[in-house]
Amino acid sequence: MALDKTIKKVLVIGSGPIVIGQAAEFDYSGTQAIESLKEEGVEVVLINSNPATIMTDPEVADKVYMEPLEAEFIKKIIFKERPDGVLPTMGGQTALNLALELAREGFFEKEGIKLLGVNLKTIEDAEDRELFKQLMAKIGEPTPESKSVECLEDALKFVETTGYPIIVRPAFTLGGTGGGIASNEEEFKTIIGSALKNSPINQCLVEKSLAGFKEIEYEIVRDSKDNCIVVCNMENLDPVGIHTGDSIVVAPSQTLNDREYQMLRDASLKIVRSLAIEGGCNVQIALDPKSQNYYIIEVNPRVSRSSALASKATGYPIAKVAAKIALGKTMDEITNPITGSTCACFEPSLDYIVVKIPRWPFDKFQKAQRRLGTQMMATGETMAIGTNFEEALLKAVRSLEIKRPHLWITEAHDFNKSELKAKINEQDDDRIFYIAHALRIGVTTHELHELTKIDLWFLEKIKNIISLEERVKSEDLHPELLHELKRRGFSDYAISTLKDVDIEFVERKRKEHNIKPVYKMVDTCAAEFTSQTPYFYSTYADENESIPSSKDSIIVLGSGPIRIGQGIEFDCATVHAVKAIQEMGMDAIVINNNPETVSTDYDVSDRLYFEPLHLEDVMNIVELEKPIGVIAQFGGQTAINLVQGLEAKGVKVLGAAHEIVDTCENRQSWEKFLTNLKIAQPLGLTATSLIQAKEKAKELGYPLMLRPSYVIGGQAMQIVYDQDELQSYFSEIAESNSEILMDRYMIGVEAEVDAICDGKEVFIPGILEHIERAGIHSGDSFAVYPPQTISEKALNQMVEITTKIAKNLGHIGMINIQFVIKKNEVYVIEVNPRASRTAPFLSKVTSEPLAKIATKAILGISLSEQGLTPGLKEPSPYVSVKAPVFSFAKLKAVDTALGPEMKSTGEAIGRDIDMKRALEKAFRSAGINVPTCGTILVTLADKHKTETIPLLQRFHECGFNFLATEGTAKELSLHGLPVRTVAKIGQSDTDLLSEIKKGQVDLILNTITKGKNVESDGFKIRRAAADNGTICLTSLDTANALVQAIEMRVLKALE
Amino acid sequence: MKLMLENGEIFHGKNFGAKIKEQTLLSELVFNTAMTGYQEVITDPSYCDQSIVMTYPMIGNYGISNDDYESLVPSCKAVVAKEFCETPSHWNSGSSIKDFFLSHNIPALMGVDTRKIVRILREQGSMKAVFAEDNVSDTVLADALKEQLATNQIRRVSIKSPTHFPNRGAKRIVLLDFGYKKNILNLLIEKEMDVIVVPWNTTIEEINNYKPDGVVLSNGPGDPKDLHEVVPTVRQMQELYPMFSICMGHQVFALANSCDTHKLKFGHRGVNHPVKDLASGKVFITSQNHSYSVDPNSVEGTQLEISQVSLNDNTVEGLKHKQYPAFSVQYHPEASPGPSDTMFLFDNFIHTVKGA
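If you read the sequences in order, they're chains A and L.
Quick note on numbering that gives the first Met the number 0: the first sequence kicks off at 0 and runs consecutively.
Quick note on numbering that gives the first Met the number 0: the second sequence kicks off at 0 and runs consecutively.
Source of the hints: derived by calculation from the structure; they are not laboratory data.
Wrong hints could be hidden among the right ones.
[As the list claims (entries may be wrong)] Sample of chain L residues at the chain A side, in silico, Cβ under 7 Å:
| no. | residue |
| --- | --- |
| 1 | T32 |
| 2 | L310 |
| 3 | N311 |
[Unchecked claim] Only pairs whose alpha carbons sit at most 30 Å apart, straight line, appear in this in silico DSSO-like list of lysine-lysine:
| no. | chain 1 | residue 1 | chain 2 | residue 2 |
| --- | --- | --- | --- | --- |
| 4 | L | K1 | A | K508 |
| 5 | A | K508 | L | K13 |
| 6 | A | K289 | L | K97 |
| 7 | A | K452 | L | K97 |
| 8 | A | K515 | L | K13 |
| 9 | A | K510 | L | K115 |
| 10 | L | K13 | A | K510 |
| 11 | A | K677 | A | K822 |
| 12 | L | K281 | A | K515 |
| 13 | A | K515 | L | K115 |
| 14 | A | K578 | A | K550 |
| 15 | A | K269 | L | K281 |
| 16 | A | K37 | L | K281 |
| 17 | A | K269 | L | K319 |
| 18 | A | K550 | L | K115 |
| 19 | L | K115 | A | K508 |
| 20 | A | K289 | L | K181 |
| 21 | A | K120 | L | K281 |
| 22 | L | K13 | A | K472 |
| 23 | A | K625 | L | K115 |
All residues carry an ideal CB built from backbone N, CA and C; glycine is no exception.
For reference, chain L alone in the conformation it holds in the complex:
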C-alpha cells in the first residue's frame, strides 16, 4: 500500500487493515500525538472523512474494548502508524485492532516514517492525501489528489432522529449533535441528567418543545461555516437556556455571536495541550481535536469574551457570553481519550442548570 501527499511525497508501506474499496482513497491527512486512546481517537466522529497519522509508533497494544467506543461506527477514512500490534494483551480487550479495521473497512497503513509525515504536515499544513494499493500507478494517485474533498460531514455523522436517554426526576439537557463523542452523553447521564440527543438541524421550536433545562452543543467534524443554518438557532437558544458548547459547538457559538473562525495550519490533535484560564491563571492539560479556531480579533466588540487560551499558540480555547449563562471550550472536557483536568466544566454547567 502507498500514500501520496498533496505535495507529491510518496510513502510505501503495508496495509494492515481492510482493502481499499475503490482504486484510490482520498482524504485530508491529519496527525494525533496521543500515546494512549487510539480506539477513542479512531471512533471520534470529528475525524469524519479524515485520515489519521498516529505519532505514537505502536498502536493496538491493548486491543479493542467494548467500553471505549466514542461512536459505534468509525467515520475516519484510514489510519497510519509506524506499527500496529498483532498480539494485543489486555484483560478488557475484546478483539484486536486488526479485526476492528477489517470489520469497519478501514485501511491501515504501517511501516512508513510517520515522523517524516508529521514534519511535512507541521511545516506545510494539513493536506490532501491519497491511499492506494501498490499496483496503482502514481499518476492515478496524482489525479485523485486533484479531486475536491467532501464537505458537510455533520449531515452524515449526526443522529437522524431524536433519541431520549431518560433519567427519572432529573434536569433535562438537549444535546445538539454535530457528531458527539459518546463520553459527553455518558457524563451527562452519569451526572443524573435526562438527555435528549437531537439532530444538528433541529429547529428552535422543536427544542423548546422538549422544555430543556440546559443545552449542550457537541463536537463534530468539518468546517463550522457549513453550519450556517444552525447559527440562528444557537443565537436564540443562548437567550433561553444555560448553554455549554464543546469544540464544533464552541465554534458555532462564536459564529452565532458574530465572531469569525478560520482554519489552522495543522490543527490541534492530542491529549497534552495546555490551556490557560484567564480568570484564575491556572493551566489545564486538555484533549483536543480541531482544525478550525475562533479568530481572537473577531471576538472584540461582541457579546463574547475570551475566557481561555492555548499556551502553545495563544489561540482561543474558551469563550463566555457576557450576558447569558453560556460558555464554550474549544477542547474536549469529556476527555476520552485524555486527561480529566477540565471535567469539572460539566459540573459547573450542571450547577448553572440546577440553579436556573
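Excised from the complex, chain A in its bound form:
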C-alpha cells in the first residue's frame, strides 16, 4: 500500500511530563515523527502538556496545544481541528492509554477519524495480560506460567501451584509501577496490594519468576504490506528479574549464537505479525541460559525507551520510519536516511558494541530502597559506543557522572569477600562496581556468576579490565600497554590514578607515542555502503572518518543522562543553541551521551559525537575539530563543570568563562561582588567543619539553609532549625572538608528571572513567581507567569538588579537569578550564569526562544541587532502555570515532603486566561485529577493550624469533609468544619494509615515532622500516600493553589 492521500491532517499525542519510565525518549520520537509526517505533506497538530520539549516548539508541529493529556481535551481539539487521523504510538503509555479510552467508547469511529499505526484490538491484545497470553498460545509462542488476578485470594491460589518467587506485574502501567518480585507470602501480599491499586483496571499478572534467564529484546518495525524487520536486538547484562529500564544493556546481543538469535527473531516477527502492528514494536524475551527454551515476557506495541536506544545504537530512525508507515507507506518506499542510498527495509548491521547504563536518582534519595527489581527507578540513561565491551563499558561509566570515572567504588574498600558478596546480593544500582571490586580482591568469575547469574562472558570482560589495572601497577607505561589500556577504554585519569602519577604524565606519554583516538561513523551498515550521516564515536584504531569541514564550527556541550535537577530542559536548550549556530552559517557540533534525547538525533547537528562529557574525551574532539569555541552554558552543571578544565587547556569557552562561574559560586567573591553593587542578599557565611558552623550559626541565627557549594538541583540542601539539626547535617550529609554554604533562611515570596546579556544590554523575557514560599526548591515549586502577587516596585527592583548583575559580571549569554521578596524588599538568593531549568518554559510562554537569542549574543550579535529591547518584555495576556511532577510511587522509602532539595522529575504546563483556570489545567496536566468532593486527611504541625483554617473552609465550601487525629479534629470542629476523628498511627487497627490504604482518603494535607526520620508519623503518612496513589500536599501554598483550581472546577461544573 502506498501513501494514504486521504490523510491530510494528523493529531499527534505526546507523552506529557517526564516521570520515571517515560522520559525524554518520547520527545525524541515525537519530534522525529512530526517532522517525518510533515515531509509527507501532512499538517500536524500536537497535544502535549510538557513545555520543556522540542516537539512543542512553534516550528516543529503546525499547531501545538499545551493542554492536559485527558480525553476531554483531546476531544475538544479534535472537534476544533478535525484531523483525519490520530497518531498515538509516539507518546508512550500515556498516549496509548488515551487512544484506548477514546477508541473503546467508539469516539474515533463516530467522528470518522483513523487511528494510525495501531488499532484497538492490537492495544488490547498486547496490553491485556490475559488476552496476550491467549494470543501467544494461539500462535504457539510460550509465555511463563501465570494468571491475571483482580484480588489477593486468587493470587494466593495461583501461588499454591507454583511456589515462590513470583513476579507481580500490574496491567496498564508505566515502567511497572507497583509491581515487584515476591519471595514469600508476606512480600507477596504487600506487592499485590500496591499492584492492584496502581493498575487503572485493578488487575495484575502473577507469574512464575524467570529470574536468572537471559533477558533479550528485539526492536521490530512492520508495515502494512507485512514487511517486517529487526532494527536491533539487545541483551541485558542483568538477567531477568531487573526491569530492562534499570538494567545495563548491550546491543547487539553478545552471548547468543545465530541459532538463538534467529529463533528469537522468528518469534518476535511472528508476534508482531499476529498483533498486526504497523510501526515500531518492542518484544521482550527470556531465554534459558542453559537450553533453547524461551518465554515471551511482553510486547510494547509502540515506540518505547528501548526503540530510542535501538535508534541511537544503530542509527536507524525508528520513529521517523514508523510515522511514514502510519500514513500507509511501506518500508521499501522509504529511503534509509543514514546512507541516503539504500532503503529503510533492511536490518542494520553494527560493527561496534553499545553499552547502556541507567542513571538512578539515589544520589538525591539516599534513604530510598535501592534494590533493583521489576519496577523501574532510573530517571535516565547513558550510552557509549566502542569496538569492544570493555571500552564501551568504561566510556558509559565515565558518562554517568556519578563521581566515579572508572569502575571504582570507595565504599567497597573496607569489605572482605563475604561482605562484598552480600553487598552484590543486594542487587542495587552499584552492583557492577561491587562486582569489579570483588574481582579485584580475588573473587572468581564463576562465584560471581553463581551469585548474580550474569553471563560469564560479561564477567570475564570485566575481569579483563581488572587484569589491566594490575598491569598498570606492575609494569612501566610502555607504548604497548598504554595502547592496550586506551583500546580498552581506560581514561588518562584512571591510568594516572592507578599509576599514582600526574595525569599530565600520562597525556604526555600518550602523545609521545601518538596514541590518540579516531572517530568512526555510525552508519547502519558496517561500512558496506557509503553514508552521509555525521554521527561518530571514538575508538583506538588506524583510520579516522570524521573530517572537519572547512566552515567555522562551534562545539555545544550537552547535559548527559537525565537526572533529577538536570532534565530534558537542558536538552531543549542545547538543540536551540545548535539551531542558532546553524542559522548563523556555522557548523554546530554536539557532544552528548544520552540516547533518549533530540540533541543526539542524527540530523540535529552538523556533527554528532556520542561521547562521555569527560574532559579527556571532549579535548580529543576539540583537538580534531579545532572549533572557534565551545559553548557550555546550555548543558547544565555537566557542561559548566568542564569549563575550568577546558580553559586551562587553552580552549576558548564562549559565554561562560570559569572566572564568572567562580565569582557566582565562590561565597566570598560573590558577597564582595554584591556588596559593591549594593544588592541585598540573605546573610550568609561558609564553614568547613561543624565547630566552625556552630559558631557561624550563632552569628546568623536560625533557621538556616545549608548546602555544599557546586551542586546540582539543591542536592544535599537542607533547612535546619536548631543546633541538633545542624549537627546531624554535618554528620550525615556534608562530605568532610567540603565547603558548606550557610544562609539565613528567609520566608517570603520566591521569584526567578531568566535573562540574556550581550555584554552591553540585558533582555528579560519574563519573571516567574513561585507559588510555594521560599524553602521549597524552585524546581519543585509551582510557578506562574506573569507574576500575580508581586508589587510593581519589587518587579522593577528585580529587573534593575538582574541588569546590574549581568552587566557587571561581564557575562554573555543566559543568566538565571533567584530572588526572595520579603516585606517588599528584594534579596538575591542565587545566580547561575547559564541556561536554567525554566528556560524552555519561559521560551514557550513568552514566545522568545531564549537559548537561541543567547547563542546569537554569545556569537556576537547584539540584542538590538536581534531586534530586542533591553529590560523586561511586556507580559503575555495569558496566565501560565508550571507544575512540578514527581515519580514517588516508583521510589520506595523516599520522603515525599518538599524542601530545598529537588525531588521532581518533570514539569507540566497549564495556560489560560486567568490564574484559577491556568492552575486547574496545571494540576490536571501534572496528573493531579483535581477532585471536587471527598475526604481530606489533615495532619498539621501546630504552627500551621491557625493559618490553615480559612483554607480548609474553602475546601469545605467546595464539597470536602475532613479526617484528623484528635487534637486537630477538635480545632477543626471548633471552627464548624465537618471532621471525623481517626486514631493516630499504631493506636488502633483502623488508624489513619489504614484509612489511606483502604482508599478512604482523597487528599492529604501534611505538614508535620519534615525531618529525615523514617520512623516518624509524617513520613509514614507520606509514604502510604505515595504507595496508594493518594495526592499528598506538604506545603500549604500548594494546597491554596489546589483549592483555587477546585473552585474553578466547581464553578465550571455549575456553568
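Given chain A, work out where chain L should sit, using these hints.
This is chain L only, laid out in the frame that chain A set:
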C-alpha cells in the same frame, strides 16, 4: 602477523589462529557483515580460497558448537577480525574459536582496523591479499601478490562420490553439490525428502538413474563460468524435474538458459540483505554470500524471468523459468547463518515435487 592488500596497504596485527604454513598466504579478501553466525560463515564452502574480514568486532563469544558446522572442514584461507574471544561462554559450546582455528590450520588476524579494510574493499572492490608473519619482508609480500589466484574451487569442495541420505517412503531429491551448506541437506531431510548428494560433474544419465522427483543445485565457491561442463546437464534437468537452485546453482541455472553472469565489485556477504519479490511486492531479509551476479539485461529474451531483486543495488536475486517448474535464488534461503524469512521456498519446491 601482517596483511598486505593488492593496493599496497599494510595492516599489522596479531595471529590468533594457526601459524601460516608457507612463507606467505595468498587469497582473495572479502568481508561479511553478519553479527552472529561466525561458525556457519567460516565453515561455508562458498568461501573456499577466500579470506574473510568479519565486520563485527568481537568474534568467538559463544565458542564453537558441534551443531553449527556448514561443512566439517572449513575451506576459507584465513579470518580477520578486530578481536577474537578467548573466553567463550555458551552452554552448547564444545570448544573455543582458538582451538577451532588451530585444529583446522586457519590463521586468524586480529587487532587491525577492520573497518578501514572494509572501506577499502567497498571503494576498490574485493582484491587479493597476502598474509605473512612479521619477519617476512614487505617485498616478499608484494611479490606474492603478483601470483594468480586459484580457480575451479568447486572441484575441491564438492563431494567425491554420491552419498545417499535415505528417508523411507519419501520423494527423492538429487542435490547437485557445488559446495553445499549442510543446512540445505538438513532442511530437505527434515522435510522428509530422500536425498542423494552427487558430485558437481555428475552426468544427466547418472542423475536420471536415481529417478529423482526433484533436483536442487547448491551453492558453491568461485566463478560460475568455471562450470561450463555442467551447463548442458542443467539445461536437460530443468526439462525433466522440478528444480530449485541456490546461489552458485542460481548462476549456473542462468548460464544454462543463455543468460550471462559478471563479478560484483565487492559482492554481497551478510545476513541483512533485503530482497523484493516482484510478484507480491513483499520484501524478505536474506542471508547472502556471493561475488558473482546474473546480468539483468542478459535475462531479457530468454526463457527466464526475473522474480526477485535486491533492494540495495537492484541486482538479480531470483529467477523463474517461464515454461518449466524451475526457479532459483541468489541468496541462501536455508539461512544458517541468517534469517529464515525465505525458508518457505523449500516448502514451495517440495510442494511442486509432490505435485509432479
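Outcome of the hint check:
The criterion of a C-beta within 7 Å of any C-beta in chain A is met by T32/L, whose closest approach is roughly 4 Å, and the hint holds. Interface hint at L310/L: satisfied, since its Cβ lies 5 Å from the closest Cβ of chain A, which is below the 7 Å cut-off. For N311/L, the interface hint holds, the least distance from its beta-carbon to any beta-carbon of chain A being 5 Å, beneath 7 Å. For the suggested pair K1/L and K508/A, the alpha carbons sit about 26 Å apart, so the restraint of at most 30 Å is met.
For the proposed pair K508/A and K13/L, the alpha carbon gap of about 24 Å is at most 30 Å, so the pair holds. Only pairs whose Cα atoms come within 30 Å are accepted, and K289/A paired with K97/L is accepted, the gap being roughly 23 Å. With a C-alpha separation of about 26 Å, the suggested pair K452/A and K97/L falls inside the 30 Å cut-off, and the hint holds. A hinted pair counts as satisfied when its Cα atoms are at most 30 Å apart, and K515/A with K13/L qualifies at roughly 20 Å.
Of the supplied pair hints, the one linking K510/A and K115/L holds, its CA atoms being roughly 23 Å apart against a limit of 30 Å. Restraint check for K13/L and K510/A: the C-alpha separation of about 24 Å stays at or below 30 Å, so the hint holds. Taking the CA atoms of K677/A and K822/A, the gap is near 18 Å; set against the 30 Å cutoff, the hint holds. Between K281/L and K515/A, the direct Cα distance comes to roughly 47 Å. Violation of the 30 Å bound is thereby established for this hinted pair.
Proximity of K515/A to K115/L is assessed by CA-CA distance (about 16 Å); at most 30 Å being required, the pair is judged to hold. Pair hint K578/A plus K550/A holds up; C-alpha atoms about 16 Å apart against a cutoff of 30 Å. This hinted pair checks out: K269/A and K281/L have alpha carbons roughly 16 Å apart, not beyond 30 Å. The hinted pair formed by K37/A and K281/L meets the criterion: a straight-line CA distance of about 26 Å does not exceed 30 Å.
At roughly 28 Å between alpha-carbon atoms, K269/A and K319/L fall within 30 Å of each other, so this suggested pair holds. At roughly 26 Å between alpha-carbon atoms, K550/A and K115/L fall within 30 Å of each other, so this suggested pair holds. A threshold of 30 Å between alpha carbons decides the hint, and for K115/L with K508/A the separation of about 26 Å falls inside it, so the pair holds. Of the pairs offered as hints, the one joining K289/A and K181/L holds, with about 25 Å between alpha carbons and a cut-off of 30 Å not exceeded.
For the hint pairing K120/A with K281/L, the CA-to-CA distance comes to about 25 Å; that is within 30 Å, so the pair holds. This hinted pair checks out: K13/L and K472/A have alpha carbons roughly 25 Å apart, not beyond 30 Å. Under the criterion of a C-alpha separation no larger than 30 Å, the hint pairing K625/A with K115/L is consistent with the structure, at around 24 Å.
Checked against the numbered hints listed earlier, the structure breaks hint 12 alone; every other hint is satisfied.
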